[in-house]
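**Q** Chains as they are written, first to last, in my numbering: chain D, 1 to 257; chain H, 1001 to 1747; chain B, 2001 to 2441.
Treat the hints with care, as some may be off.
[Stated by the list, open to error] Subject to a maximum C-alpha distance of 20 angstroms in a straight line, what follows is the list of computed SDA-like cross-link-like pairs (lysine to any residue):
| hint | chain 1 | residue 1 | chain 2 | residue 2 |
| --- | --- | --- | --- | --- |
| 1 | D | LYS86 | H | ASN1322 |
| 2 | H | LYS1210 | D | GLU60 |
| 3 | D | LYS167 | H | GLY1022 |
No lab work stands behind these hints: they were computed from the structure.
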Amino acid sequence: MKWGNDLSTFVEKFRQYLKPGYYDEFDYHWTMTIDLDRCTGCEACVVACQAENNLPIVGEKRYAQNREIKWIRIERYWEGEYPDVKMGFIPMLCQHCDAAPCEIACPVFATYHNQDGLNTQIYNRCIGTRTCAVYCPYEVRYFNWFTYTWDEPLEQQLNPDVTVREKGVMEKCTFCIQRIRLAKDNAKDDDRRRVRDGEVVPACVQSCPTEAMAFGDSNDPEAKVSKMMKDPRGYTVLEELNTTPSIVYLKKAHAES
Amino acid sequence: MSKISRRDLLQYIGAGGIGAVGGVLYSESIERDVELLIPQVVPPEDYSPGIATWYNTVCNQCSAGCGISVRIREGKAKKIEGNPVHPVSQGRLCARGQSGLNVLYNPDRIREPLTNAGQRGTGNFYPISWDEVLTTIGSRIGRLKIENNASRVRLLTGRVRGHLDELFAQFMGLLGSDHYQQYDFTYPSALKAANKISFGIDQLPYYDIKNADLLLSFGADYLGTWISPVHHSLAYGHMRQGRAGRRGKTVQVEPRMSLSGAAADEWVAARPGTEGLLALGIAHILVSDGHYNGSDRDQWSDVLQAYSPSAVSAETDISEGNIRQLAREFGTSKAALAIAGGATTAGTNAVASAVAVNALNHLAGNLGQPGGIIFNSDQAFSATPGTRQAGMQGILDLVEAMEAGEVDVLLVHDSNPIFSLPDGVGFRQALDKVPLIVALSSFRDETTEQADLILPTNTYLESWGDDVPDPGVGFPVASISQPVVTTLYDTLPVGDIMLSLVRQIGGELPMAMPWRTMEEFVKERWREEYEKRGSADQDFEAFWQAALEAGVWGQPGVMTGDQIVPSGASTIAAITNPASQFAGSETDYPLVLHPYLSASLLDGRGANLPWLQELPDPLTSVVYGSWAELNPATAEDLGIREGDVLEVETPAGSVSVPALIFPALRPGVVAMPIGQGHTAYGRYARNRGANPMDLVSMQIDDRSGDLAWAATRARVRNTGERLQIIKTDGVTRTLGRQILGPKNDHA
Amino acid sequence: MFDHGQPSYAEVNKDILSVMLETGPRYWMLLGTTMSVAVIFFFMPWFYQLIVGVGAAGMNRNAYWGTYLSNFIFWIGLSHSGTLLSAILHITNSPWRKSVYRSAEAMTLFSLMTAALFVMVHLGRVWFVHWSFPIPNQMGLWPNFRSPLMFDVMAITTYLTASSIFIYMGSVPDFAAVRDASTGLRRRLYTIFCFGWRGTAREWHTLGWAYTFFAVFVIPLAVSVHSIVSWDFALSIVPGLHHTIFAPYFVCGAIYSGTAGIVTVMYCLRKYLNFERYIGQVHLDNLGKLLIALSLIWSYINILELFSTWYGGSSFELEALKFKLTGFYAPLYWEMILFCAFVPLLMFFRKFRWSWNKMLVISILINIGMLTERFIIVATSQPRKFLPNAFGFYFPSWIEISITIGSFAIFATLFLIFIKWVPAISIYEVKETLKPLRRDA
Ligand SMILES: Nc1nc2c(c(=O)[nH]1)N[C@H]1C(S)=C(S)[C@@H](COP(=O)(O)OP(=O)(O)OC[C@H]3O[C@@H](n4cnc5c(=O)[nH]c(N)nc54)[C@H](O)[C@@H]3O)O[C@H]1N2
Ligand code: SF4
Ligand code: SF4
Ligand code: SF4
Ligand code: SF4
Ligand code: SF4
């Protein structure tokens, strides 16, 4: 009888786990929206992330070898030919997929989904198989091919809230988890169960000069992201892969002529 | 060798190899050196480990004057973000502004005063004490002053605003030299001159992009490099999607698609140098089609007579239909705004083009209107920023004076004319005639390398100062700069250096300029301003503390006061045919050279910052280098592939750069980013790429006296060599995949 | 069965054991060479890579896997004939198996070890490789059993263990023979190795039973190992890797390359260890026929893969396919097709099947083809996945090429050591195939 109970509990849990929206049952589901009609491709977000998250300066040679590390990058796509040529920019960062292909890949659980819907990356657990990066359809995982150093005294600007990664370790956008942690701590100190909308602002979102990005908890219907997600321009990149990303893009609007 | 020993040898090799691998594995798996958590024995008082403090100050990476907040942990600057209460940046920041940390912690900063020990230009410098260096300069200038030869002392700075500007002016004034001038390559002199002509106001007005419905930009990369990119980006975001049901439209006129061109709904590649003509063509239609009904309609009609759509179409290579369409939209939009900048205001016709664009604004009736041009009627402080911008004419005068041996001491601060001027100016050669060159600089750029004495300055993040953004934001604003960290090296704030010099020179100077430090001076001036404005509800100390904390003081209410609406008469009078004259004949030089400011390195000042060198160029994704862009058709005609090293030649000179095929470039144009090609300026900048200023012919727009850096013809020759252009882009077509929008959007 | 007349029991012992007991300078030179090549080409570059980081290899942000992984699969593949074939042939009672199986099983073992080395070389932080094993620790961390890499770890360690036991078990009576033929330290060592084998009927019975049991056990294991290895690829959604056919494809390819490998090894044993008497036409003929069959299956699966990709019509897959067939690495692809699909057809002719030299060439070509097959899978798929802007390119660095060369030396070294410690041909089983005992020895 007891075994039967255990089994049914197990089956129940497993079902729950398979159900889409599993993370809705937790307090937070961190989500980002990016409005491509605002984004100008200015790359302020790229530098913001580099500064906040101690991304290495890899140098010209490493760039030439395609070994750059930029947790958020701007992808460029041309449409048409001269003179009717158009440029489309799209900021590409970890989509924090709810059904993340990268997560099944990791043999040591260095990357896994946390209860806030984040795809987390534990650097000191990573053994560097790079499977997660091969599996990631958005190619937003970056590997430390070398141990990068900073020309003295550039190391003084390193953010003490974020570790510096060594060679052999995979890294990627964390949705600025250090800022999420800080906001949660502050909420706890204030005897609040949840952080307020707008209390967590990742570095890229913070910097964006056109206010193209929004970040928040999509479990909260009143949050800005929840409202942005409802915009009819909303879509997710490579939707047919069913990775259920936590980043909703709003496609560029067109001028009425 | 016996059998046994061979065997042994092999065993040793094997064992050694395995042992070595094991050793590495072991050493990799154990801990690394432990670093000290708190480096100082007695830490500063505002220092609490683990707690971040934020200090507000001003960005100095371009002349927009964004307010910034710097995050400090354990006494070190960790991050720069926009100051949320600052009206220019409103909490946001561009890539350059955020890279300010690379300025502060740059490994190539000058760390102590240096002298070249009499060997100028060799690049050899030796440490010297502050006392000695200040005495040397002080006594030299003092002697000139006593001999009434103070006009032989010249001061050349970059963009300097706020009370540092006043300090310099006072210093030179008290010496008795009126030769204090500023030169900033990016300063929109032509715009200012044109605005003075059109509106009779000698200032840059506020362009209210935020509330515009149609923004027609002639060459102004307002989102990337023009005047106040962060502020414009904020406005742009709002204009696009910040107003429910009202999406503003943007049109960009330029031969090479800039960041703003990429964002625009329409990109119009008029023939280079004819952008102003296009503006007049549109103006013509506005008047003739009855979109403008002012009392001076007839005068407008007369002066625009010559710019019929057909005539303009022939010149600009833009179809008549397209011109009419643009005019109709401009005439019918609720708030239509036209701006000019970039190459449009860098021809021999710069002012004429800017006046033509002003004419559009007149005709659209947007002067003093929301979504139009707002004049900064009430400036904070008495300062009128930008008045000391020498323009090219001022530089030529300086060069002439130096050549004539009229300059004994040249003080250069934060300006790099050797890099950012064409060789034709002869600045570098003229320096040979100057007995003493003193550089006040944080970095050994090309000009500093030529100095005899280098006075190392603090970076802006270690200095006191203040700033009045230029242009303002439509209401009075002033920002405070304060040091956010303790000075890293044996360097001084530039203001403090000047005040030390004051004391060295002696005479009546110390009396007139009694402040010991820049901090003292700024505070006193703010006190005066405070008293003048007479806000009685606080005492000054409280006001000062509040201003320091906020990093900014402003009076947002003042904007909506009585706005000046200048009449169109002066604009009408100033309209002339804005067709640029290009150096070089079309037969010898079939292409037009289009230099443009790099989105990250700007005019080259960012080239020493590794974060910016590593930032992919927004349109091409190139990092760490320069390149020459060609339209695919032009490239095919010339048999050029991407990565072929081209010799780009103009009447002024030639450079070798790899070719990049760029789809959004007018055929017959060769475009090159400005910013690389440094021969000095630290490890990240030196010997990287080419400087297109080496190609620019010395031509001046008479009406503004500014350099016409976009008015040179060029030809390219395939050298047959190849060079890898380092870029991050793979394939730049979506191949029909769901990337930029839902799949059903793609045909 | 025996090309040069049937040997006596004593001759069998002498022939086979002499390889172990008599060592000439040629052996030492060969061993010295292979060891030096292994150290210089494999361990020294690896050592360098450990110091600077995996960036010493040519992989980049568009291609996170490279030759290390493709070589890993190649070596796993090569391991597939030995034990598997031996087990199948044992169960089906094929007499011609007896003189080839020992070396074939050794091949399994050593290629598995080489493959395992490639895993180590591939890892970014090999010094933490033990975290991929379920070893209890105070951090409470446990490997991720959803990861195909975890399946790999499990499958390969199991396969390695089972294969080791299998080969050891089959060698016990021969260890006893070595014991009996030697004196001193070696005698004492082999007394331990053979567990004091005395050759009683009970011992033979137990051995026979246990051996058959293991043969049955090892067959599904071998099939699973390469299926699982294929899942490293197929369980991803990367175009060009995400194919359900991959498991059978890899298993077939593995057996194919393994069988070709056996031909190569047989050739060397025969040629250099003078085993002509034991390895003859019948082996060659049978292996040749097997190779033809495998080659046809392999070709069929390849056509199937092309067809289903085309028929599936996924734009991602088609793009990947186009790159594979016409892109930079297309010459390698067509070389593989030539070597693995067309060249083996020559073996339909007895002239080829019965010629040791011709078979050697064919078997080597097959393995070159299989080595490239694995490389193509890795090098053409992942640099061109879903976002065109992130498309890139992969080319191995000299370190990867060097380590690839070195791995063959490691394999050879292990084999050379092996033939000095274990009879390379099963003595007792060869004897089983002799006609009833002649008493003239
Ligand atoms: N954040 C945090 N704070 C803590 C604690 C904690 O767990 N976390 N633990 C608390 C406890 S329990 C303790 S006991 C204290 C310990 O606090 P401290 O007494 O400050 O101990 P340490 O910092 O380990 O050592 C003090 C210094 O002694 C130096 N030293 C070592 N050997 C010698 C010697 O032979 N001669 C001399 N002259 N100097 C020597 C070391 O280099 C070091 O600089 O910290 C307390 N504070
Ligand atoms: S900062 Fe904002 S506008 Fe700039 S590229 Fe990033 S998302 Fe786009
Ligand atoms: S975007 Fe890539 S790395 Fe991020 S969760 Fe999805 S699969 Fe993983
Ligand atoms: S690279 Fe690191 S995180 Fe990625 S799968 Fe391997 S061990 Fe896991
Ligand atoms: S959310 Fe944070 S970690 Fe992710 S891209 Fe933005 S700044 Fe980087
Ligand atoms: S726009 Fe200019 S002032 Fe503002 S952050 Fe950027 S560089 Fe600094």
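**Q** Take the C-alpha atoms of LYS167 of chain D and GLY1022 of chain H, compute the straight-line distance between them, and say whether it is at most 20 angstroms.
**A** holds (18 angstroms)
**Q** Given the proposed pairing of LYS86 of chain D with ASN1322 of chain H, does the C-alpha separation stay at or below 20 angstroms?
**A** holds (17 angstroms)
**Q** Sort out whether GLU60 of chain D lies within 20 angstroms of LYS1210 of chain H, counting only the CA atoms.
**A** Violated, at roughly 39 angstroms.
Against the hints set out earlier in the document, a violation occurs for number 2 only.
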